[in-house]
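Start from the sequences, fold in the hints, and give me the full structure.
Number of protein chains: 4
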Amino acid sequence: MTVKTTFPVRVGLAGFGYWGTKLARNCAEAPGCELVAVCDGDAKRRQAARAQYGAEVFADFDLLVASPGIDAVICATPAEFHAAQAEAALLAGKHVMVEKPLATSVADCDRLLALAEERGLTLMTGHTFLYSPAVEVLEDLITSGELGEVLYCYSQRLSLGAIREDTSAMWDLAPHDISIFLHLLGGVPRMVTAQQFSLIGEKQEDIAMVTMVFPNGAVGHINVSRLDPRKVRELTIVGDRKMAVYDDTDPEMPVRIYDRGVDRDLPTTAGALDEGFGLHQLSLRTGDVHAPQIAGREPLRVEIEDFVTAVVTGAVPRSSGIVGRDVVAVLEAAERSSALGGEPASPERRLSDDPPVRLAS
Amino acid sequence: MTVKTTFPVRVGLAGFGYWGTKLARNCAEAPGCELVAVCDGDAKRRQAARAQYGAEVFADFDLLVASPGIDAVICATPAEFHAAQAEAALLAGKHVMVEKPLATSVADCDRLLALAEERGLTLMTGHTFLYSPAVEVLEDLITSGELGEVLYCYSQRLSLGAIREDTSAMWDLAPHDISIFLHLLGGVPRMVTAQQFSLIGEKQEDIAMVTMVFPNGAVGHINVSRLDPRKVRELTIVGDRKMAVYDDTDPEMPVRIYDRGVDRDLPTTAGALDEGFGLHQLSLRTGDVHAPQIAGREPLRVEIEDFVTAVVTGAVPRSSGIVGRDVVAVLEAAERSSALGGEPASPERRLSDDPPVRLAS
Amino acid sequence: MTVKTTFPVRVGLAGFGYWGTKLARNCAEAPGCELVAVCDGDAKRRQAARAQYGAEVFADFDLLVASPGIDAVICATPAEFHAAQAEAALLAGKHVMVEKPLATSVADCDRLLALAEERGLTLMTGHTFLYSPAVEVLEDLITSGELGEVLYCYSQRLSLGAIREDTSAMWDLAPHDISIFLHLLGGVPRMVTAQQFSLIGEKQEDIAMVTMVFPNGAVGHINVSRLDPRKVRELTIVGDRKMAVYDDTDPEMPVRIYDRGVDRDLPTTAGALDEGFGLHQLSLRTGDVHAPQIAGREPLRVEIEDFVTAVVTGAVPRSSGIVGRDVVAVLEAAERSSALGGEPASPERRLSDDPPVRLAS
Amino acid sequence: MTVKTTFPVRVGLAGFGYWGTKLARNCAEAPGCELVAVCDGDAKRRQAARAQYGAEVFADFDLLVASPGIDAVICATPAEFHAAQAEAALLAGKHVMVEKPLATSVADCDRLLALAEERGLTLMTGHTFLYSPAVEVLEDLITSGELGEVLYCYSQRLSLGAIREDTSAMWDLAPHDISIFLHLLGGVPRMVTAQQFSLIGEKQEDIAMVTMVFPNGAVGHINVSRLDPRKVRELTIVGDRKMAVYDDTDPEMPVRIYDRGVDRDLPTTAGALDEGFGLHQLSLRTGDVHAPQIAGREPLRVEIEDFVTAVVTGAVPRSSGIVGRDVVAVLEAAERSSALGGEPASPERRLSDDPPVRLAS
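Residue numbers (our numbering), protein chains in the order written: chain A, 1096 to 1456; chain B, 1096 to 1456; chain C, 1096 to 1456; chain D, 1096 to 1456.
These aren't lab readings, by the way, just hints derived from the structure by calculation. Any given hint could be a false lead.
As the list makes no split between identical chains, a pair holds if one copy fits it or if it spans any two.
Simulated pairs of lysine-lysine, DSS-like, Cα-Cα distance not exceeding 30 Å [unchecked claim]: (1) Lys1298 - Lys1326; (2) Lys1326 - Lys1117; (3) Lys1117 - Lys1139.
This is how it looks when you write it as structure tokens:
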């Protein structure tokens, strides 16, 4: 099926709250993109959207989707609405970008993916961290081999945050780290365990610990909390050559590369004779620390540009629908593990191993 | 049974390595304590012990234990020897202090406890952190009610440390945190889950994550690693009134108390009418940070003094044998959970709920 | 002379650059204040000012000042224009707020002050730091006696900053610290020494060290640089009871109060007999550290409100014209000292010691 | 004159206090060195020295110096005794190392230097920081050209320290920084200004600011205080290519190299035509931060080894008598400047510009 996309891409934005206004500004500024319509249930917000961007405004998502002057829809609405809105938009022939998480179940994600593929439309998830310059530096450290083989990643995302009644700390915070881990480690974990606790007795849990084992044996561990005295945003990567720490709260040196590790010395002849072939000695290596300068680019801007490119060229965006689906699959497995007190669970497998590309129209 | 203890207490020390030499210095300096004998397999160390402390030296533990001039034995030997050495010492009528962990199985611990009780001898474990001024401050914050009810404790004990072939990161590092958690939360967890991974392919695991749920619902989480680029020694306590962070690497403000938390506002009448009885609003509270000065006392010195007092008066030391046994019970449960991929496990219950006191002789 | 001030105060803003746009936003938001006109030489900026605030715009300062619909003028223009613009505005019967420094010479400042007093108009300087919540906390610590008598203040304001050809690091950066020191110590230094260096050979100096001795003996020291690898914004106050550090780059604990100092013990009788009456022992005291929560208010907003209050009621604003004049007197003395290689210089005395109040109209 | 030096060098140590005991340990451990005698006025210390090192002990410096079994004398005594003790030792034909400062006046230093040269004896000063691995890294950064031309050095040495009645903060603390600055910048400043203040009204000043201008135009600034709430040990070097910060309290990254600075762009033709030849544009450059690993060597040990080498081979030690003399010359000039309220003063010139080498015997 052929999709006709005008250029510049005319975007309709659903949700003009905290994140929606950021998306709006970036849509307005990104080349090849035009913010033509905004939908929000709040009259004041609609007024603001019209005043600032001259956008057509709607109170109703249905009207936005029905608008013939829109090529693509961006959903910055609560997670519970994502699946239905994305489906409606795809059915109306619009390309879609959905804020993370893509949906609240893998089944929903898979349905959206199938629909997008069938219609030849772009389906993208807003995992903004994949466009962060710091994460790009981490990716380079891995693909260039500087860190060696990645053995372990762990992250902490802690703060005294808004206690939300509509979502748990895990669903609210962990998608960031899961998307980064999947991106850096290049795969979906084969095993997930998780625990969640509601410390203050509310329905939604305030803390979660998630452990993942990836197909290549690498281990990931995520600790999220919205009941912590300090704001912590730290991700550590342990490679078998070097190690790196990404501290998102450090304005001066957000990424530090440590030339530290365990070296496997070659077996000495004596040792080989005495104790068998293949013996080795382990020794610790500590060396310099390097903090590369991190570019000042706004990740959200790069994300919007990736979406525009995907819509226009049919290329698969970095934060594709598949990425969003895999993140939800991990969250769902974590939810199952947590419900069983921490028993291992496996993320649901993708329906197809076909390359997750949209056919160019 | 009556135990005759001379005063000052004459100590025989087994092991004169890194930790043993520290114990020796503190034994020599503590009032009421005399370091009279040292046993170590290494001739140079024996020579050093004799030169520095005028101690009688032995190459063999059996000879040390057989020495009539000794009232108490301190074992600073590898964990695998603890049970047999402590048992021999108790059988020889000596009071015993064993470095952590008390033994490598709960069964061994229970046998030692029974033996000590039967013979009216002190059995103590060297959980030095229980004597750390910072931990004492944390304990005061809890018992005074300043933190409110403790909801959550978590700790990180990470560094690029010696890769030991005789013990895992969990057995090597976690006993510190487990002993602190049990002490602060006043009980043994009813449920433990754990995961351990050997990242560099050695027999012994390099990282471990342990989660505990205590009888009162409080949650504990411990993260240990000997494959980390940075040295991290952090313990966070989340109370329902305030929160505290103990950073053992911060010489200036090791303990910080945050006047932060979630407040439960009383239901408004309107709300009660409209939405049902018992409704409340949650609101975040952020306030001052306070860093109490921490005394400069050496914890090991206080520990030795506690041992001397226990030996002389029959009082139960803070880091009693029961404490050591409970820590091993948690480790053993963690080991079981880890072997099953993270399934919940319960620490073995104490043989008796009798007060863990040594009968005064 | 009676000044008729309408309410709300109608403000004309000169300069719509980096700082001018911030002032505009705060004028628009502050109660009792209306931004009615903006003047800027740049056409695009004028357009932006009109679009965002519906302000009348002028390319020429003279036209702004001549506008009958304006009660007060705020000058956010380069320092070299301050004196002439403020004078023109006062002569036109407008209240005036001038960005720091008030002018580039004490003579100019004194002329402006005399003019403002003669005409019964408010003359204010934009020393924004005096309205910073952190500085208010420091002030409270001093006035409440918690710090004791202030012995010493020093500050560092360092970064790799724009090398400006129109002004030195001292005139650009030190006014902040000088205004804070004068405010906290409640007086004008009797002696100033300073050194300035142009490290990269430009006309304007990149670093400066300024030392001040206040009438009560307190010492102030300021270190500014625009050639430094790190951003440092630190102010330390040494009192004879406690000490405080204000680190403007620390989002978590910007103000720390240290219960540390030197205690003067009472003379012992023995000492008094042996070595004379009045002898004492000095002993160090180290204690807790306390970090009070700092309010999130925007200082510029409070400053604008203070200006409005001053205009309407005739009250003297905190950052009065006298404050601005005293800061320039210190800068001028520092300039003289620096020209003589560091010889002491005295700030020029105020023309009158009369209370620096504007007579209420 | 020929000096006969036995090997190993037999050292007599004057002063067995805090620093003396450290020197003793390093003398005992350094190859080529033997600690044969110790002199201290305190009987307990003498006893300790004999017990630990089997050293001959004296209560009197004169007896130590008269001892025929000693080749070299190390003075770890209060500064006021340095000149007389070093003189006596040189007159007795002993090589001498004196703790910093070498003496309390340049005249004394020059007399000692002349005497050492005349007798062909080593005269060394204990500026231990010159042997610190971190300072060696800084030196490499300069001599390799990595920092470019050094424009500016400044240091802060602040803490709440022992208020000493025998010496000011400047004489106590600044010698460290002065010795480092002279070493790194390779010369004696041509101009010194200083200010000192006694904040708590004692005879000896608690804070000092010292500014130096070196022959090549580089600027040095030192800030010392013993009345500060925090322990600060920081030295910043601003080069015209890169910058470095040495923070002696940071165990993880004590030296940080910042690829930051001001670049001078080549003049554009247009600019050259319009505004004259040689015009250029300045632009800021910010780049990576690098923290080289710093060796764990004990500086005092390297210092002792340098002394032994100097004694045996006649080579000039890094921390030579000339270095000690130059540091005192700067301190004396600073003292003069401070007495005049900050007027510039010049360090007294060396008596001779001859290479400060001891003639090999």
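Hint by hint, which ones does the structure fall short of? none
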